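Peer 1: Here is what each chain is made of, one letter per residue.
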Amino acid sequence: MVVSCEQVWREISNYLDGEIDANLRSAMDDHIHGCKRCTAVLDGTRNVVELFGDERMVEVPLGFSHRLHRRLEENMPGNRRTFFGWLVAVAAGILVAGSFEVARSSVFGRPALRSELAQPARGVPPDMLVVVSTDGKTFHVPGCRFIHDKAHIHIIQAGEAMREGYAPCVRCMKEYLGA
Amino acid sequence: MPEEVSSRESSAKPFQEETLIQRIRNGEHELFYELIQPYERRVYAAAFAILRNEADAEDVAQEAMLKAFKHIRQFRAEARFSTWLTQITVNEAHMWRRKQHANVMEPIVDREDEEGHYTPRDFADWREIPLETLERKEVRQKLGEALASLGEKYREIFVLRDMQHLSIEETAKILGISTASVKTRLLRARLMLRDLLAPGFGGNWSSKLSFEKGTKPW
Chain A
1 MVVSCEQVWR EISNYLDGEI DANLRSAMDD HIHGCKRCTA VLDGTRNVVE LFGDERMVEV
61 PLGFSHRLHR RLEENMPGNR RTFFGWLVAV AAGILVAGSF EVARSSVFGR PALRSELAQP
121 ARGVPPDMLV VVSTDGKTFH VPGCRFIHDK AHIHIIQAGE AMREGYAPCV RCMKEYLGA
Chain B
1001 MPEEVSSRES SAKPFQEETL IQRIRNGEHE LFYELIQPYE RRVYAAAFAI LRNEADAEDV
1061 AQEAMLKAFK HIRQFRAEAR FSTWLTQITV NEAHMWRRKQ HANVMEPIVD REDEEGHYTP
1121 RDFADWREIP LETLERKEVR QKLGEALASL GEKYREIFVL RDMQHLSIEE TAKILGISTA
1181 SVKTRLLRAR LMLRDLLAPG FGGNWSSKLS FEKGTKPW
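As they're listed, the protein sequences go chains A and B. Start counting the first sequence at 1; every next residue gets the next number (our numbering). Start counting the second sequence at 1001; every next residue gets the next number (our numbering).
If we strip away everything but chain B, and leave its shape as in the complex, we get (with noise of 0.2 Å):
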């Protein structure tokens, strides 16, 4: 059986959102708290995702907001109001990144060459994987702390892609990169966490947590 995972949708309603923006343009400003609501989290996920700061994130989701909000006008229906949210917070991220270069150290797999094939480290298995266990703080706590060891250009893939479930052309659009360059980054992304995350949790799950020491697989 195929194993599509591509086709998961966020609760977004096109024609309620559209209606929702009109009003809105023409002075409704209140209903733009309808609008962004069911957002808030992704918006702030994806800001997360490139400053891996609390604080920094929540910044950055509030001026994207606002900014959405301000050029609301130049929205235009024939993309998804989700994804130009999107868009305008990964700006802001970046923007924000900018400003603070200085202070920020990527980890050195971003300096890695992404066309060289990644090749799997650990063979652990895997097989069921109740999702209850996201129910466990600290289920969620190794795998946040998996993710944010990536670099930079993989975790906003990852998060893009995988965790706001935007398609590879959104992402590309988002990210200003070919859709091939998606592919080839996710691929790693995915790769790597796996990687990362097999020796600790294979075979593991329902039972106590033990991450084992030792240093990452790449």
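This is chain A alone, in the form it adopts within the complex (with noise of 0.2 Å):
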């Protein structure tokens, strides 16, 4: 059996996946072996299945799973809230919302910083979206290359961050160094 170059294009495809007969592929190696454009055409055919099927060609957008967890748990049976239920949760924001302004404006200052050498936020707005990783103590703009420990990010908004004794980043938060 002798096939053409135009065979072999047209069968490259199942030739990678083993969907080919012997006796083709056997001519298919045949004619490969001996024609250097049926070579590249197989090589390069080989290096894009192989390149594309490494896991490291999918990226998932940062704080991707986060959400994702987020938005489900907000769905899950038994999470979901009655009009009563939702009654009942705003009303426990604004009680929440209030205590921590009396906090704020009181004895109790501000919550403990992670680290004591950190210097504190001042001016960053609570609802700007940031990423702190767990064990972390200090929040960041995603993408920043000085986040700690990335198999361990969260995006959560900067009053949260605040509240859990992040503070910021000395690189990428530079303008919302305390005094």
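Hints listed in this document are in silico derivations from the structure and should not be mistaken for laboratory results. Nothing here was measured: the structure is a model prediction, and the numbers come from that model. We put the beta carbon where it would ideally sit given N, CA and C, even for glycine.
If you only want the chain A side, here are some residues facing chain B, beta carbon under 7 Å, derived:
1. S13
2. V48
3. V60
4. N75
With a cut-off of at most 27 Å between alpha-carbon atoms, the simulated BS3-like pairs for lysine-lysine come out as follows:
5. B:K1070 <-> B:K1173
6. A:K150 <-> A:K137
7. B:K1183 <-> B:K1153
8. B:K1099 <-> B:K1173
9. B:K1137 <-> A:K150
10. A:K36 <-> B:K1183
11. B:K1067 <-> B:K1099
12. B:K1153 <-> B:K1099
13. A:K150 <-> B:K1142
14. B:K1142 <-> A:K36
15. B:K1183 <-> B:K1142
Two independent chains are provided; combine them into the complex using the hints.
Peer 2: Pasting the structure below:
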């Protein structure tokens, strides 16, 4: 059995996937062995499959998993709120927000920072989304090279980060460093 | 030596999955996170392959996961959970696309007759490709750009088959087309990507990348 270049190109994908019979494979092997162009097509196609098949080719956006879990949590049975549930939640939210306001303006002062050496934040918009890692001490803008322990990062609001004692990153949050 | 590339599989453990699914059905909903954890990336990738937009792909991935959770009782053990999840994602992404159809321009290659044979346009020599090159962001970016430039029907086949390592039959089932069509489109997708990438990468993998300017080869 003899095959042409065109036949090789038509079957190259099936050849790589092992989807052709032994006779055709043998004929293709013979042809490719003596044909520079078909060798280039085979090598290149195989490289395409190998490279794209590597799991490093799939990059998910920063915080994807965290946001996905939060969305699922909100929709799990038992977490879905009835109208009365929402009323309670809103009331609780107002109480919590109020208590934070009281705490900020009273003897309670600022929450303790996770690092004694860090500078507290000043003027950070509380709804700004920032990146923190579970065991880290600072919060960052997404993509900052100073993010510690990238395997355990979360995206949260800056207000929440500050309440949990995170301080602004000295590199990406310079403008929000306290005096 | 045969050049088998079709037998790779994900880290799915069917027995463990079956138990998890049963427990979730019985009310242990929090186990759903554990069930989907190995597939988060592939669900996002499947959505991105169709939508080519990070924000849309993330929304669709979330919708697909939610739908999978809500319909977990409908999952039948004769299919793999990963395939079922991918099918839901692809359907969600197509629905999303239909809703926003007016805003999306598809590459002209989508209108080509897929029955016609595809002839390689470039014969640059590509031999060794160290997979370590993928550590370089610019390499991943160039590969991603090449993939994004394919028409949707080629891109989605390529992603399901060569990036998610689904079988030809599973890919055909998910997309609702014949296995013959999967093979034809997969061949084209692979050859188009090779043609697109060969001029820039051929013989130049270990040195600085230099993509040549010019039009696409198709």
